[in-house]
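Novice: Using the sequences plus the hints, can you model the full thing?
Quick note, the sequences are listed as chains A and B, same order. All residue numbers in the first sequence are consecutive under my numbering, ending with 312. All residue numbers in the second sequence are consecutive under my numbering, ending with 312.
Hints were generated in silico from the structure; no laboratory data involved. Keep in mind the model is a prediction, meaning the values are calculated, not measured. For glycine and all other residues, C-beta sits at the position ideal for the given N, C-alpha and C. Be careful, since some hints might not be right.
Said to hold, decoys possible - Going by beta-carbon spacing under 8 Å, a handful of chain B positions derived as facing chain A:
(1) K84
(2) F86
(3) D136
(4) Y209
(5) G210
(6) N261
(7) V264
(8) M300
(9) L305
(10) K308
There are 2 protein chains.
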Amino acid sequence: MKKILLAGTIAFDEITTPFGHSGRIPGGSAVYAALAASLFRNKTGMISVAGGDFPSVYLQMLEDRGLSLNGVQIFPNEKTFYWKGFYYDDMNRRDTLVTRENVLRKFRPVVPDGFKNADIVILGNLHPGIQTEILDQLTDRPELVMLDTMNYWMETAPRLLRQVIERVDLLLVNEEEARQLTGKTHPLHAAADILEMGPRYVIVKQGEYGAALFGEEGVFYTPAYPLEILRDPTGAGDTFAGAFAGHLSEYDAVGFEEMKNALVCGANTASFTVEDFGTRRLEQITREDLETRMREFIDMTRFPLQEKYKSV
Amino acid sequence: MKKILLAGTIAFDEITTPFGHSGRIPGGSAVYAALAASLFRNKTGMISVAGGDFPSVYLQMLEDRGLSLNGVQIFPNEKTFYWKGFYYDDMNRRDTLVTRENVLRKFRPVVPDGFKNADIVILGNLHPGIQTEILDQLTDRPELVMLDTMNYWMETAPRLLRQVIERVDLLLVNEEEARQLTGKTHPLHAAADILEMGPRYVIVKQGEYGAALFGEEGVFYTPAYPLEILRDPTGAGDTFAGAFAGHLSEYDAVGFEEMKNALVCGANTASFTVEDFGTRRLEQITREDLETRMREFIDMTRFPLQEKYKSV
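Specialist: Okay, structure coming up:
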């Protein structure tokens with residue numbers, strides 16, 4: 001069974017969308033990614049940090065799903081990282097109202113011995129310095145190192161960020177981040193520039209429109225699963241990353257063809273997350289639910305090839 | 001060989017995009033659709049009107065491609081319909097600067113005898129009253145009647161428009177038009193409402209993100225061909241409609257599976273049009289160019305199905 005090591009935040013989120021207010025609920029990039037990865041056959045370990053105010057029942061729920069929390073530090077006298085956000089009617093737009101780093105400021109990541117030889121590593125959205133510390137603790141070269149980041153680090157720690165980008169295999173960005181990172185407006189040009197920076201692969205997430213994978217083997221596009229109701233986009237990208245890695249963890253080898261499937265699977269898993277506030281929906285779903293959605297998706301996007309195109 | 005009857009405008013366009021100014025060039029919904037349809041094996045007849053100022057060499061070019069212009073009226077003492085538009089950096093946004101109806105005001109469509117039994121009819125963007133007059137002249141029920149329209153007619157002739165919508169098989173709209181027509185923000189809900197109005201099928205065009213087909217048989221999504229350079233979006237929707245009909249004209253029967261292929265083919269044909277100003281690129285390309293692009297598209301969007309999904 002392959003090992004996934006994933007790093008990211010554990011958080012309290014407070015979210016307002018056109019569908020309502022969440023109140024103060026558990027979230028964070030590591031949590032969404034871990035829940036998604038746990039839908040697949042693998043051993044997943046989390047690297048993160050929480051304060052004493054974070055509910056232990058929630059952490060217990062994660063352990064009950066087979067996730068290893070040995071890399072999760074709890075500081076009893078500190079408060080958990082807090083994020084408050086507001087989504088506009090067009091939920092592609094959001095404002096951050098409050099960010100309180102709290103316990104994140106004390107965080108020095110420690111990779112548990114059992115995960116220093118992880119097969120797949122997800123460096124979720126964190127300070128690039130912390131992402132670097134994690135990479136430095138690995139003993140074996142993983143098959144795939146994935147990096148997620150955001151505009152904030154491009155502005156506040158551009159040099160450190162570039163150094164991490166150089167060392168990873170796959171960078172995950174949305175269209176706006178791709179633009180900001182490269183200065184190129186067109187996703188194709190931005191992706192080409194990112195491939196020059198070091199990574200062998202780039203995924204550009206396009207929200208409700210899908211996602212694109214770029215590599216030296218070519219380009220692959222997938223639409224998103226069309227949802228009737230999108231209640232809260234928070235965690236969609238992290239869910240995507242966790243499911244992408246989870247899907248890949250079930251293959252012997254990781255190549256471009258496997259990544260195409262993983263991209264589709266990641267997008268479909270993320271489509272559950274946004275159906276409700278926080279991790280509620282993602283906690284509920286089973287592997288069977290995901291496979292049912294995959295079947296619906298395939299039915300909606302696959303067309304019978306004309307004879308002349310069958311050799312493609 | 002099947003017959004396509006298509007109605008729409010012949011125009012002079014003057015277009016500004018971030019890539020430059022077109023000057024005064026030939027265009028119009030009937031012209032783009034006819035050029036696209038002529039890439040396929042069929043007999044296509046145009047219903048339109050032009051003034052004496054429209055270049056006869058351009059009309060000759062259309063005839064040389066096998067298009068029947070018997071339904072095109074020329075008013076020597078009138079001026080051709082004129083449209084001046086400005087596209088923003090985000091080319092999904094445009095302003096109409098000038099519209100001069102000119103000869104369009106005198107237009108009473110006459111369907112030539114040879115096309116009164118057309119197999120596929122495209123009612124391109126025109127006053128819904130004119131679209132009705134065309135429908136009334138048909139002697140046989142076509143296999144498929146497609147309707148294109150725009151916000152302008154929803155505002156100025158809503159009742160007449162609703163009456164035409166009731167009579168057609170397939171409505172083509174973009175996301176904004178779908179919203180305006182139904183008051184529903186979500187494309188899925190808007191499409192469901194439109195299917196209640198009469199048509200058996202709706203296509204919602206999403207520009208650079210692709211297109212969706214809705215019918216009682218289900219839903220089908222396709223991404224768009226990813227272009228490095230988009231110079232002028234004018235005519236993309238009309239090209240799409242012409243290629244969709246053209247593709248279908250090569251099949252014996254028109255069903256949902258054939259329409260999936262036609263949707264992909266329409267989107268790929270439209271991707272050529274927007275590579276240059278006006279009809280320039282669309283005039284150049286051959287069937288072979290289109291099939292090459294289709295192969296590239298299939299390569300970029302098709303993924304190997306896991307065993308468990310092969311029965312879908």
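Novice: With 8 Å as the cut and Cβ atoms as the points, is B/F86 at the interface with chain A?
Specialist: 19 Å, violated
Novice: Using Cβ atoms only, decide whether B/G210 comes closer than 8 Å to chain A, and label the hint accordingly.
Specialist: Hint on B/G210: holds, closest Cβ of chain A at ~6 Å, below 8 Å.
Novice: Measuring from the C-beta of B/D136 to each C-beta in chain A, is the shortest one below 8 Å?
Specialist: 35 Å, violated
Novice: Against chain A, run the beta carbon of B/K308 and see if the smallest gap drops under 8 Å.
Specialist: 7 Å, holds
Novice: So, as I understand it, the hint says B/L305 touches chain A; can you test that by seeing if any CB pair is closer than 8 Å?
Specialist: It holds, given that the least Cβ distance between B/L305 and chain A is near 7 Å, below 8 Å.
Novice: Quick check on B/M300 please, does its C-beta sit within 8 Å of some C-beta on chain A?
Specialist: Given a least distance of 5 Å, the restraint on B/M300 holds.
Novice: Less than 8 Å between beta-carbons is the criterion; does B/K84 satisfy it with respect to chain A?
Specialist: Hint on B/K84: violated, closest Cβ of chain A at ~25 Å, above 8 Å.
Novice: Taking the least C-beta to C-beta distance, is B/V264 closer than 8 Å to chain A?
Specialist: Given a least distance of 6 Å, the restraint on B/V264 holds.
Novice: Given B/Y209 as an interface hint, is the shortest Cβ-Cβ distance to chain A below 8 Å?
Specialist: 4 Å, holds
Novice: Does the interface hint hold: is B/N261 within less than 8 Å of chain A, judged Cβ to Cβ?
Specialist: 5 Å, holds
Going down the numbered hints, you'll see the structure goes against 1, 2 and 3, while the others check out.
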